[in-house]
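A.B. asks: Sequence:
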Amino acid sequence: MADTGAPLSSKPVCKSQSASAMVPLARKEEEKPGTIAKSKSAAQLGTNISANGSARDVDKPKPPAADVDAPDVVLCDFCLETKVKAVKTCLTCMINYCEAHLRPHLEKPKLHAHQLVGPINDAELRRCSTHNKPLDWFCQEDLLCLCQDCAMEQHREHNPIPCSEARRQKEAEVHETVAEYEWKLKSAEIAIEKLEANTTSIQNSVSEAKRAINLQFEDVHSAVNKSHTKVLEFLELRERAALNQSNGIKTHLEQKCSELRKCKVKAERIASHRNEFSFLQEYCEFKKSAGDDTLPSVYIGLKDKLSGIQRVISEATEKIIEMLQTSYLERLQVFAKEEDLGIKTMVSAIVPKEHRISAPEPASRNEFLKYKSNLTLDPVTAHRFLRLLEDNRKVSNTAPWQHPYPDDPQRFEDFRQVLSVESFYIGRHYYEVEFKGEEVHMGVTYKCIDRKGSESNSCITGNDFSWTLKWNGKEFSAWHSDVETPLKTEKFPRVGIYINYVSGNISFYGVADKMTLLHQFEGKFAEPLYAAFWLPKKESSVVVLSPDNIMLPPGSSPTAAGTP
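Position one of the sequence shown corresponds to residue 67 (my numbering), numbered consecutively onward.
Treat the hints as calculated values from the structure; they're not laboratory data. Note that beta-carbon positions come from the ideal geometry of N, C-alpha and C, so glycine has one too. Hints should not be assumed to be uniformly reliable.
For lysine-lysine, the following DSSO-like pairs were computed, each having C-alpha atoms within a straight-line distance of at most 30 Å [claimed, not checked]: (1) K438 - K513; (2) K436 - K557; (3) K603 - K513; (4) K590 - K438; (5) K590 - K554; (6) K322 - K276; (7) K513 - K385; (8) K176 - K149; (9) K149 - K199; (10) K603 - K518; (11) K554 - K518; (12) K590 - K580.
Between beta-carbon pairs, the in silico distance windows are [claimed, not checked]: (13) M160 - A425: 25 to 35 Å; (14) S430 - G570: 17 to 27 Å; (15) D474 - S253: 31 to 41 Å; (16) E173 - T243: 35 to 45 Å; (17) K252 - A425: 16 to 26 Å; (18) S430 - D208: 17 to 27 Å; (19) S522 - E384: 24 to 34 Å; (20) Q311 - A356: 25 to 35 Å; (21) D135 - I268: 44 to 54 Å.
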């Protein structure tokens, strides 16, 4: 085979390249190819022969090594009776050789042009399925390994380079990527440590605030108790005054009754006199000594008075309770809405210095795909009427058939919803979904959404921390905080969701030949966002496209929502 560094020849080539021939470079780590010189062959041969051995010893296959059963060990294709590790793979012969069976390639001049590399298991994949030639060229534009004929035909305008040169270039890039991941990992670990310390700080601060609040409410309780005591004292004082008044009147009347009894006895005695002179004489004395016999008219209004006191206390209590509720709760709610107030963790994006200049918002679909995310649905959160398929990327409503999912605090019980496993936080994110059915809701929400409630704030359309796009079978509408916004737009079989977390934007796009903005929400996010889907009606379904299927045209995904 010609050296991979040789210029491209103008041989006739085929017009198509099969998918199996287009192997990513990541699977093609190999040694530098080249023509093996005779002197090198002799030197390699010499290293394979022991100092006191002979060439005949090399011809004999070695006994199996102890590690030949390891999963990553490549075995010699000629050693059939015993397992022997291969030391080289010939990309021309597509065969793996041990030291003994490699000897002809090292000694025979006709075999010196064969390309030898380190032992590899997938040697057959390194050959073009169309031309049956080694994949020793690399297209930098399409990121594919090619044979020489493919490089001359389809990819000629892409300036393909030999795989050896591409390896040198990309290897440096990979090393830079590893270094960047190490830096990001270290930064993330530091952030985790800060968050753990922040958790302790939050708990301590809240405990301290609780102690201070408890003292304040103790003062309130003390004031209430004092008011309680004073009200009772007021009532008891009025009670004593009323009792004194009543007892005074009673004593007076008792005295009056005694006097009246005496007067009655006296009048009865006068009336019993038969002598007219004695009768008149005692009568005149009786009239002269008689005092004022006027009696008081007593009215008891006790019930009315007590009802009035109770009414006054009841009205005052209601006003105090209302004041407490408005004074504490409403003020706290206003306080929490302030941007710089309340309990929250301040975060910022961790990016290298060279990337800190904010990139413009994507405009074309290729620009959106730079931020594509790999999402899967969380079976722990799925309602029992929802069935997950296709490696947890597809969800469908199977009502009235339920699935025997185990009970879990994270599972939705009333609303037929499911969340994603992965979350969106600092940065930009993009994913696409395909759907079918009369009613489908797709959006994002916080993880704290109530899983067991039946109120509207437990679904992704009825709270202020969910942002949702709804398809009702005829048209789209946007939902947030239980408010619907109708959207006058055509139907799209695929919808793209773009999230710019730092900017506080969530955008829904119709995906076709071009991107069509359906609706954009603007706000501020306090927690990581999770992809969320609500399928209230049976036979509706949603597919979250994988990074591979997202590159296919709308409706052509093998896991499309319309596919059973």
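A.B. asks: Starting from K590, check that the Cα of K554 is at most 30 Å away, please.
C.D. replies: Holds, at roughly 26 Å.
A.B. asks: Holds or violated: K603 with K518, Cα cutoff 30 Å?
C.D. replies: 19 Å, holds
A.B. asks: Does K513 lie within 30 Å of K438 when you go C-alpha to C-alpha?
C.D. replies: 21 Å, holds
A.B. asks: Cβ-Cβ distance between D474 and S253: within 31 to 41 Å?
C.D. replies: 33 Å, holds
A.B. asks: Is the gap between the beta carbons of S430 and D208 within 17 to 27 Å?
C.D. replies: 18 Å, holds
A.B. asks: Does K557 lie within 30 Å of K436 when you go C-alpha to C-alpha?
C.D. replies: 25 Å, holds
A.B. asks: For the pair supplied as a hint, K554 and K518, confirm whether the alpha-carbon distance does not exceed 30 Å.
C.D. replies: Not OK: K554 and K518 at ~34 Å, beyond 30 Å, violated.
A.B. asks: For the pair supplied as a hint, K590 and K438, confirm whether the alpha-carbon distance does not exceed 30 Å.
C.D. replies: 22 Å, holds
A.B. asks: K176 and K149 were given as a pair; does the straight-line alpha-carbon distance stay at or below 30 Å?
C.D. replies: 28 Å, holds
A.B. asks: Check whether the Cα positions of K603 and K513 lie no farther apart than 30 Å.
C.D. replies: 23 Å, holds
A.B. asks: Does K513 pair with K385 here, judged by a C-alpha cut-off of 30 Å?
C.D. replies: 39 Å, violated
A.B. asks: Given the hint of 17 to 27 Å, check if S430 and G570 actually sit that far apart at their C-beta atoms.
C.D. replies: 23 Å, holds
The structure shown violates the earlier hints numbered 6, 7, 11, 13.
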